[in-house]
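There are 2 protein chains.
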Amino acid sequence: MTEKRKRVKEDNTGRRELPIGVFDSGVGGLTVMREIMRQIPNERIIYFGDTARVPYGSKSRETVIRYSRQILRFLQTMEVKAIVVACNTASAYALDELEKETDIPIIGVVKPGARAAVEATCNGRVGVIATNATVDSGIYTTYIRQIRPEVEVIGKACPLFVPLVEEGLWQDPVTDEIAVRYLSELIDSGIDTLILGCTHYPLIRDTIAKIMGEHVRLVNPAYETALELKALLEEKGIFCQKPPALGENQYRFFVSDGAERFKHFANSIIKYGILSAKIINIEEY
Amino acid sequence: MTEKRKRVKEDNTGRRELPIGVFDSGVGGLTVMREIMRQIPNERIIYFGDTARVPYGSKSRETVIRYSRQILRFLQTMEVKAIVVACNTASAYALDELEKETDIPIIGVVKPGARAAVEATCNGRVGVIATNATVDSGIYTTYIRQIRPEVEVIGKACPLFVPLVEEGLWQDPVTDEIAVRYLSELIDSGIDTLILGCTHYPLIRDTIAKIMGEHVRLVNPAYETALELKALLEEKGIFCQKPPALGENQYRFFVSDGAERFKHFANSIIKYGILSAKIINIEEY
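Residue numbers (the numbering used here), protein chains in the order written: chain A, 334 to 618; chain B, 334 to 618.
What the hints contain is simulated information worked out from the structure, not anything from laboratory work.
Worth double-checking, as some hints may not be accurate.
Any copy, or any two copies together, can satisfy a pair, since identical chains are not distinguished.
As the list claims (entries may be wrong) - Mimicking DSBU-like on lysine-lysine, the simulated pairs with C-alpha atoms at most 35 Å apart in a straight line are:
#  : residue 1 : residue 2
1  : 563       : 604
2  : 489       : 543
3  : 604       : 489
4  : 611       : 433
5  : 596       : 489
6  : 433       : 596
7  : 489       : 433
8  : 489       : 575
9  : 433       : 563
10 : 569       : 543
Let the hints inform the model, and build the full structure from the sequences given.
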């Protein structure tokens with residue numbers, strides 16, 4: 334399964350209509366898929382959500398790498414032309430390892446988010462809100478300082494945001510109260526740019542924006558990732574300009590558990606009738 | 334690994350000092366372990382928390398059964414004399430399946446909780462708060478009606494309680510607010526007994542008690558399970574009356590991920606210095 338795919342660079346024209354593989358620990362990566370659908374609407378996409386083992390954000394580096402490798406092997410069986418790691422935690426911990434195992438072009442959400450934040454900040458103070466794992470990894474700091482070493486990066490883990498979003502409390506006094514607690518130290522630190530470093534957070538962007546105030550620019554790595562993906566596909570000569578045929582199944586969804594529950598949440602994020610999600614046993618890959 | 338262990342009933346005296354296996358999806362089962370430690374303090378215990386795949390409460394029956402089977406196989410390698418499924422979701426979905434695979438005596442937390450609730454209710458109206466999976470399974474209703482068919486059981490899923498507890502907000506206005514929302518329909522329904530149907534909930538018992546009021550009796554299945562375990566061990570002739578030797582490692586902890594994080598939380602629940610937790614790869618079982 335880990336066999337390298339030398340064909341990728343050798344025969345690109347034939348690969349243009351192959352799907353892009355997008356994966357996440359669960360449903361959050363759908364906010365990334367949504368941006369890809371908006372920005373490059375001709376592409377076919379295979380989405381995998383690891384709903385049997387979600388969340389990744391409280392788990393260790395070793396575990397996140399093991400899980401991500403299994404997903405890579407699954408996506409390899411699906412003949413994808415490129416892979417998007419649409420999960421900040423998996424991007425933080427596993428991207429380097431995955432790149433070693435495949436020649437398929439692969440991008441995460443962290444690097445595009447870091448790059449956009451460097452462009453956005455005027456005062457050189459950037460905040461990152463994310464899961465415990467992403468904050469602990471220090472990955473945003475690393476990438477940001479590779480571009481501009483003098484930027485100060487302040488990370489803050491916000492572990493309740495994901496369950497609050499998944500409970501549907503996108504606009505709610507409880508979410509407001511929790512957000513005030515999490516964000517007040519970032520306000521005090523004088524940042525002028527804040528990275529939404531977890532795929533669920535764009536869904537409570539309004540709440541975060543209201544608390545941070547107008548002078549703080551919010552960076553959504555999902556948006557930046559879709560831009561970068563488009564550039565990557567063009568560079569590799571595998572950008573698809575041909576719309577899918579009538580009746581073609583342009584978007585396909587796979588999960589490791591709870592297909593019905595996934596469908597319900599997915600349809601609240603993506604304005605595209607998700608007709609079905611197929612369950613696979615990811616531990617077998 | 335699934336080989337049946339006929340020895341269990343044949344040679345009991347030699348098994349008295351073997352450990353009891355206690356397992357949970359993560360840290361919640363420690364509230365069950367705590368009760369076992371209090372009520373039968375001579376027993377050795379091996380605790381396993383599936384922290385790499387926690388939580389179970391939002392996952393499907395098939396997945397919870399598959400995970401529970403792997404844990405059973407791990408515990409079989411540890412020569413346990415009895416097993417406690419210290420997770421309501423796993424008890425609800427997997428207990429029957431596990432019983433088919435082993436002769437080791439095995440109990441869950443649901444049946445003892447159901448029995449205690451039937452004894453406690455005067456007006457025949459019982460509430461159950463639990464995870465989505467446990468509520469959806471209808472398992473408390475099934476067990477309660479096996480004992481007293483006319484009892485009315487009202488289930489209510491409270492998915493935010495676990496993350497709130499794990500974030501340490503045991504006594505907090507946010508937890509109060511969420512609890513009021515979850516519990517108000519149970520108050521309106523006129524129950525006189527409420528089962529804390531998830532192992533995390535005893536940690537916010539005070540909040541729940543305050544909102545439900547004095548006339549509602551709270552049933553903690555962890556407490557009832559420890560009582561039932563003691564009776565089971567006595568009945569099977571494998572109750573241990575000999576205290577552990579000086580320096581013996583009476584309590585051993587295994588997890589599938591994040592040993593340090595587990596230790597930190599565990600030490601806040603169990604007043605016993607948890608010196609170490611060992612990581613195992615549960616997918617290999």
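Hints and how they fare:
1. Taking the shortest alpha-carbon separations for residue 563 and residue 604, only the intra-copy value of 21 Å comes in at or below 35 Å, while the best inter-copy value is 55 Å.
2. In this assembly of identical chains, the alpha carbons of residue 489 and residue 543 lie at most 35 Å apart whether taken from the same copy (18 Å) or from different copies (33 Å).
3. With identical chains, the CA atoms of residue 604 and residue 489 are at most 35 Å apart both within one copy (31 Å) and between copies (30 Å).
4. Taking the shortest Cα distances, residue 611 and residue 433 sit within 35 Å of each other both inside one copy (28 Å) and across copies (29 Å).
5. For the identical chains of this complex, residue 596 and residue 489 are neighbours both inside a copy (31 Å) and across copies (22 Å), given an alpha-carbon limit of 35 Å.
6. Within a single copy, residue 433 and residue 596 get their C-alpha atoms as close as 33 Å, and across copies as close as 33 Å, so both meet the 35 Å cut-off.
7. Only within a single protomer do residue 489 and residue 433 lie at most 35 Å apart by alpha-carbon distance; the minimum there is 30 Å, versus 47 Å between protomers.
8. Proximity of residue 489 and residue 575 under a CA criterion of 35 Å is satisfied in neither setting, with 42 Å inside one chain copy and 49 Å between copies.
9. For the identical chains of this complex, residue 433 and residue 563 are intra-copy neighbours only, at 22 Å inside a copy versus 53 Å across copies, given an alpha-carbon limit of 35 Å.
10. Taking the shortest Cα distances, residue 569 and residue 543 never come within 35 Å of each other, neither inside one copy (40 Å) nor across copies (62 Å).
When the structure is compared with the earlier hints, violations turn up for hints 8 and 10 and for no others.
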